[in-house]
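Colleague: So the sequence lines, in the order shown, correspond to chains A and B. 1 is the number of the first residue of the first sequence in our numbering; add one for each residue after it. 1 is the number of the first residue of the second sequence in our numbering; add one for each residue after it.
Hint data in this document are derived by calculation from the structure and do not stem from the laboratory. Careful: at least some of the hints might be erroneous.
Now the in silico label distances, taken between C-beta atoms and shown as ranges [what the hints assert, rightly or not]:
1. A:Asp97 x B:Ala4: 53 to 63 Å
2. A:Ala11 x B:Arg133: 20 to 30 Å
3. B:Leu147 x A:Leu59: 16 to 26 Å
4. A:Arg91 x B:Arg144: 20 to 30 Å
5. B:Ala153 x A:Ala11: 20 to 30 Å
6. A:Gln100 x B:Asn34: 14 to 24 Å
7. B:Leu152 x A:Val81: 34 to 44 Å
8. B:Ile170 x A:Asn63: 51 to 61 Å
9. B:Glu131 x A:Val98: 39 to 49 Å
10. A:Arg93 x B:Glu131: 56 to 66 Å
11. A:Arg91 x B:Arg133: 48 to 58 Å
12. B:Ala109 x A:Ala11: 17 to 27 Å
All of these numbers come straight from a predicted model, not from anything done at the bench. A virtual CB, placed ideally from N, CA and C, is assigned to each residue, including glycine.
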Amino acid sequence: MTAALMGPGIAWYLAVAGFLFATGTLGVLLRRNPLIVLLSLEIMLNGANLALIGFARQLGDANGQIFALAVMAVAASEVVVGLGLIVALNRKRVPLDVDQLSTLRG
Amino acid sequence: VLLASVGNVLVWAVWIAAAFACLASAVAVVSFENPFYSALALIGNLGSLAVLYLLLSSEFVAAAQVLVYAGAVMVMFLFVIAYIGPRSDSPWAGGPSWQAVGGVLAAGALLVEIIVVIGLKAGDRLASAAEIRQAFGGPAQIGRLFLTDHLLAFEITSIVLLIAAIGGVILGSHSRRSANEVPPV
Numbered sequence: 001m002t003a004a005l006m007g008p009g010i011a012w013y014l015a016v017a018g019f020l021f022a023t024g025t026l027g028v029l030l031r032r033n034p035l036i037v038l039l040s041l042e043i044m045l046n047g048a049n050l051a052l053i054g055f056a057r058q059l060g061d062a063n064g065q066i067f068a069l070a071v072m073a074v075a076a077s078e079v080v081v082g083l084g085l086i087v088a089l090n091r092k093r094v095p096l097d098v099d100q101l102s103t104l105r106g
Numbered sequence: 001v002l003l004a005s006v007g008n009v010l011v012w013a014v015w016i017a018a019a020f021a022c023l024a025s026a027v028a029v030v031s032f033e034n035p036f037y038s039a040l041a042l043i044g045n046l047g048s049l050a051v052l053y054l055l056l057s058s059e060f061v062a063a064a065q066v067l068v069y070a071g072a073v074m075v076m077f078l079f080v081i082a083y084i085g086p087r088s089d090s091p092w093a094g095g096p097s098w099q100a101v102g103g104v105l106a107a108g109a110l111l112v113e114i115i116v117v118i119g120l121k122a123g124d125r126l127a128s129a130a131e132i133r134q135a136f137g138g139p140a141q142i143g144r145l146f147l148t149d150h151l152l153a154f155e156i157t158s159i160v161l162l163i164a165a166i167g168g169v170i171l172g173s174h175s176r177r178s179a180n181e182v183p184p185v
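With these hints in hand, go ahead and build the complete structure from the sequences.
Modeller: Below is the structure:
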């Protein structure tokens, strides 16, 4: 038994994915708080995930979903390291502002 | 035929609600001053994305999205925000700077680029999606693909997660030790 795609076509999903990616880019470029930069990175990754899953449905090929799951695992790792860095910065009383974080030396 | 068209209208309605919630909460994440509200908006964004994944018949990815992202990752975010304490910074503080203008221009250029490239490369092939079997995107198919075709990617994913966990522990213990050595300013 097969099923056709109901509702809007894949192009609509891709438009949402592109808008999400651009919004995340705007957040990464605009915001100074590293926490919100991390949240905006998550939006970018999710835009890419939506495009991958949309193309997987378009081609009827589940390999794109495998790719999306791998992106999710990488995003979880990135959040762990990023939040660890932010907590370490906070413990050292470094101001949480990406404009002032100009060196990597502790 | 009538049943199919009713289903089509229903899917359109759900899609419009989910896509609007998705875009609105993404803009909210970027524009809220308080990171706590941004994180809450991102939870809404991830939930509405899971609805879109369901409409694309990716049940397993939608479930993983809710469990991993909206559950585990966002709880970690909220915990760290609560630990650091609320501090707000307005994205538009002090009027539009050249950095803000450049950021908006770069993001707009990226959006136009994405739309143009997809429209040029795949625009005429996006009209009709493939017919899929009922089991498409279910746990059985995903599990079989992970353990046959993508076994190497599966194992590399586990190593990446392990390295991230070790990195988190090292970052945490290092900052605790140096906080004892160097008195806080």
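Colleague: Does each hint hold? Answer for all of them.
Modeller: Results for each hint:
| no. | hint | result |
| --- | --- | --- |
| 1 | A:Asp97 x B:Ala4: 53 to 63 Å | 55 Å, holds |
| 2 | A:Ala11 x B:Arg133: 20 to 30 Å | 23 Å, holds |
| 3 | B:Leu147 x A:Leu59: 16 to 26 Å | 22 Å, holds |
| 4 | A:Arg91 x B:Arg144: 20 to 30 Å | 45 Å, violated |
| 5 | B:Ala153 x A:Ala11: 20 to 30 Å | 28 Å, holds |
| 6 | A:Gln100 x B:Asn34: 14 to 24 Å | 20 Å, holds |
| 7 | B:Leu152 x A:Val81: 34 to 44 Å | 23 Å, violated |
| 8 | B:Ile170 x A:Asn63: 51 to 61 Å | 35 Å, violated |
| 9 | B:Glu131 x A:Val98: 39 to 49 Å | 48 Å, holds |
| 10 | A:Arg93 x B:Glu131: 56 to 66 Å | 60 Å, holds |
| 11 | A:Arg91 x B:Arg133: 48 to 58 Å | 53 Å, holds |
| 12 | B:Ala109 x A:Ala11: 17 to 27 Å | 21 Å, holds |
In terms of the numbered hints stated before, the structure departs from hints 4, 7, 8, listed from lowest to highest.
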